[in-house]
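Enquirer: These are the residues of each chain, in order.
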Amino acid sequence: MEKDGNLMYALARRLWPINRSLSGEGVRSTLNILREVIPNLNTKSIPTGQKVFDWEIPREWKVNQAYIINPRGEKICDFYSNNLHLVGYSMPFNGKISLNELQEHLYSLENQPSAIPYVTSYYKETWGFCIAHEKRLALEEGDYQVFIDAELFNGYLNYGELILPGETSQEVFLSTYICHPSMANNELSGPVVTTFLAKWLTSLEKRKYTYRIIFIPETIGSIAYLSLNKDQLIEKVAAGFNITCVGDDRTFSFLPSKRGDTLSDEVAKHVLNWIYPEYKKFNWSQRGSDERQYCSPHINLPIASIMRTKYGEYEEYHTSLDDLFNVVSPQGLWGGFNALKLALEVLEKNCFPSSKVFCEPQLGRRGLYPTISIKGGANEQSLMMDLISYSDGTNSLIDIANICNIPVWELYPIVEMLIAHNLIEL
Amino acid sequence: MEKDGNLMYALARRLWPINRSLSGEGVRSTLNILREVIPNLNTKSIPTGQKVFDWEIPREWKVNQAYIINPRGEKICDFYSNNLHLVGYSMPFNGKISLNELQEHLYSLENQPSAIPYVTSYYKETWGFCIAHEKRLALEEGDYQVFIDAELFNGYLNYGELILPGETSQEVFLSTYICHPSMANNELSGPVVTTFLAKWLTSLEKRKYTYRIIFIPETIGSIAYLSLNKDQLIEKVAAGFNITCVGDDRTFSFLPSKRGDTLSDEVAKHVLNWIYPEYKKFNWSQRGSDERQYCSPHINLPIASIMRTKYGEYEEYHTSLDDLFNVVSPQGLWGGFNALKLALEVLEKNCFPSSKVFCEPQLGRRGLYPTISIKGGANEQSLMMDLISYSDGTNSLIDIANICNIPVWELYPIVEMLIAHNLIEL
Amino acid sequence: MEKDGNLMYALARRLWPINRSLSGEGVRSTLNILREVIPNLNTKSIPTGQKVFDWEIPREWKVNQAYIINPRGEKICDFYSNNLHLVGYSMPFNGKISLNELQEHLYSLENQPSAIPYVTSYYKETWGFCIAHEKRLALEEGDYQVFIDAELFNGYLNYGELILPGETSQEVFLSTYICHPSMANNELSGPVVTTFLAKWLTSLEKRKYTYRIIFIPETIGSIAYLSLNKDQLIEKVAAGFNITCVGDDRTFSFLPSKRGDTLSDEVAKHVLNWIYPEYKKFNWSQRGSDERQYCSPHINLPIASIMRTKYGEYEEYHTSLDDLFNVVSPQGLWGGFNALKLALEVLEKNCFPSSKVFCEPQLGRRGLYPTISIKGGANEQSLMMDLISYSDGTNSLIDIANICNIPVWELYPIVEMLIAHNLIEL
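Chains as they are written, first to last, in the working numbering: chain F, 1 to 426; chain Y, 1 to 426; chain V, 1 to 426.
Please note: incorrect hints may appear among the correct ones.
Because identical chains cannot be distinguished in the list, a pair is counted as satisfied if it fits within a single copy or across any two copies.
Here are the simulated DSSO-like pairs of lysine-lysine, each with C-alpha atoms no more than 27 Å apart in a straight line [claimed, not checked]:
#	residue 1	residue 2
1	LYS375	LYS124
2	LYS230	LYS356
3	LYS230	LYS208
4	LYS44	LYS208
5	LYS135	LYS375
6	LYS51	LYS124
7	LYS44	LYS124
8	LYS44	LYS199
9	LYS44	LYS62
Just so you know, the hints here were simulated from the structure itself, not pulled from any lab data.
Computed from a predicted model, the values in this text were never measured in an experiment.
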């Protein structure tokens, strides 16, 4: 645990200062750093203005400087001290305005007076600053010099894509997002855990499924990706997860796919039930990330979410308080990684075992069963006998584990042993 | 509310004194009065002796006079003071008999000593009088002159039928009965509410469904109607209700169709759940009206019942106490009318919306979504987003309302707006 | 009751002393005695060495004498005083050994010090004695003369088979086992109750189903029988029961088939629910008899178990305490017989009634319904009316009984009466 948790945490710290948004340098820097761990990650780009279903790829946004000079001549809301201070996709502005005028461009949270909120205005041209409410209250009357040196120009929307081929063309699809500035559980935990999952998947000697792993900006990114890959995804994706909010150590959460009964849902619930039985179950009406697109009408991919504390369900969410000190920890990241790794292993190991002999096999002569029959014996064999009994070719390994009320991973060694003895086939 | 409730109540008062039975003048007078509200109502007739499945249309029954003269010379049990006094379909009789002999022809209720019970003998030739039990106990020894001037003769069974064409030939079938003498919840509330539903349906500019509305005598009437229209009904009826006991203001009740999972059941339960969550749920074994025929083997129409207080479930049922003073009220009638009107509206408005764009539409540029994204915003849009998300063409509007745990009528304006923006199609 | 209970108990007493095992004289003697009650029982044999799926028919085992002489010269663990003393399928042995050496061949139960346990070693060549733990503790140091005059030789595995033809070739399959020495609930109750069920079935004037009834050694016998009859059984068996542990009077128990929703399961649960509502429900993971083979992968026969106290669930199980004095009784045997007889009757009587008239029939003119209609009347007819209402040809009699919440046998006379009146057909 410790090693991977610490490595993921170190990666999150490196990514922390970068000013990510829908597009631009922040996204590209982030992908470059991830590529140090997973060199097989490819970067793709879509030009500004390209139609993606009902949307259009926005302009690229670049911030050179942004701050306010208060009447005392002090610099406040400096973008370089915290990139949350500037409303995402703010237009350039340079001018002296009154406090009253300024107030119309300020955002703060009355209930969280020390937090800088996270605010964006991607699709309407405006500008604004985010500020801790306690600081806002202390602003004095007078003239404020506002300076936003930002550029909006035709460029590209970038994303990372990694395809790991497997024995079949059926795909497992993992998606995470890289468009939020300095916030930890939502969002850095997502790309960090996904990167380490990609590294682990790359290291596997064999994979049953082909893995499609993407690092995109949220919403516009998943819409764009679907507009380029819809038919392939609908045809191939057997299971998958949207990976977000997997970094704190306070709970586990589950958000189903829209269909609610896909392989992804089944696997996620099985894993969470055995590693954290009190996990929080949300429903589709509580969705809020890229599953909105992946499960949208006529697309309906089997994408569920395994999370630690879900977006919107913790106080620090979408503020400067969602940090690497009080919210995200190595333990939290490792727990999120582990739950998703277990889920992917279940997908890889799941099968429909079918007995190769009629009736119970004679296990005694294979040394698999006591040769002396006495009251109370043979209990250790009961799980093996149950597995054989349900090996009709119609029950999946997950089904059998659920019937026997055990974690499916307890069946893996038994399956291997029965295959070795030529008693079942998959 | 008030106006319609009062109009329905006034109609019930006009119909009250008429001596309705399976056939005869009472049925025809009743239909004539209903025709004042719904001039498009047609009267049909089936002659005595006609075979209708396992039954035969009975003779017409006409009562000129009926009373008893007691030993003191006083007239008692006078049909003209209360038409419940005479057992329905009593044969003519004129003779002086002892109290003992008379007792064998008297019907009363020991537990409801002030009530005149409602008794019929349609298919066995006999005669009898119904009397309040407290009056029966006071009868003195002596000779009683019994006089029943009634006629049974070959005539017709009459019923009213109204067909309102719609955009499709799929039908909604409404049936109510007009065969009980002066009783209010069971029966006058049924034809009165159905008349006003018919008036409202007639007034609609467009109807998706064709409506078939009938006013028949109970049992023999529904059997006769099925014998004439079975194939048409089985082929066309998509939903429908048997309308009875819809006039008191004490509760709401639901009796399912025999299948229990038809569109009618789904709609009725949805409406009652939102207008009166504590409504009483009965099951098929508690049936007792024309649904017995409509849902009989090999016919199995989707006919359910939305009621106020169900027949057999209130003390005044089938006695002179089921009146327009203590049981049925304008409020009660309006409540029954409103529940059925809501149900018919749900049938009309129900649809299978299908999104016309892939992924979520860009609602911001249509002014349907906030352009600034800040924590805690956009809640009002969540119902619209849920509706879009489920618009796969496979979920009905009722399904979506049930998933979102809201009354379906809250979705009507959103559906209209999304159609106006060309975002969904039905 | 008493007569059949006593006859079954008397048969169990005759069978008690016989030394049954997988094969040999004990099995043949047992079948001969059963044939006195059911002369139509056939004996079949399969030779040693024949392959049966993954198994092989074992050698025949014959015990002439077996005992131990203790250091005081006393004969202990004498096979002739109790055939449980010798481990089943013990090899011959004759020699003087120390107590220490002897201990390795002794079996006893620390928690049940007065009980001789039942131990077998069918498939590994060894020998051993079973002894009450309290006697084992009293064994003195010294030399013990062990004498086992037993033979293992090529012979036959024998079993009894009875086929009772019915109107259809669809089969009801009953299986019980005859391979345990002197134990009462597990096992004598099984063959005894099955014998009397076979006698009763033979006596029936007509049978809808063909009955296949077998008396076999457990496990190897059912495997062998399946290896000879698998295709026929899979094609023909509509329902069936493994009959074991049906002789004590302490409770009733149910073990489902592996599928859990077969006709056998439905019938067994219905019967037990009405004769002993508090019956114990086990699940497939608690199986332990020949259903393990009958429901094995790719075979999956609809075989469930109706039991009194289930094997493994009572203290006396698989010891000398499972006897005809404290465990099995005439009342217990009769109860087991009665539950299975009721279940077989349900199978015979079950049908899919279909109304022959449209709408409700006119029952009054057939004398089946009151001709006077008054509030509160006609309750006795409601079950008949419910049966008619559900006679769509799609509901089985069991379905209808479950919907009406009554034992199905209450519907038998109504079905007969409605058939007599030509109102339904099956």
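Enquirer: All the hints need checking, so say for each whether the structure fits it.
Expert: Outcome of the hint check:
1. LYS375 <-> LYS124: between (77 Å within a copy, 17 Å between copies)
2. LYS230 <-> LYS356: Between copies, since 15 Å is at most 27 Å while 40 Å is not.
3. LYS230 <-> LYS208: Within one copy only: 22 Å inside a chain, 36 Å across chains, cut-off 27 Å.
4. LYS44 <-> LYS208: For LYS44 and LYS208, only the intra-copy Cα distance (26 Å) is at most 27 Å; the inter-copy one is 50 Å.
5. LYS135 <-> LYS375: For LYS135 and LYS375, only the inter-copy Cα distance (19 Å) is at most 27 Å; the intra-copy one is 76 Å.
6. LYS51 <-> LYS124: Classified as within: same-chain Cα gap 18 Å, cross-chain 76 Å, threshold 27 Å.
7. LYS44 <-> LYS124: within (26 Å within a copy, 67 Å between copies)
8. LYS44 <-> LYS199: within (19 Å within a copy, 64 Å between copies)
9. LYS44 <-> LYS62: within (19 Å within a copy, 81 Å between copies)
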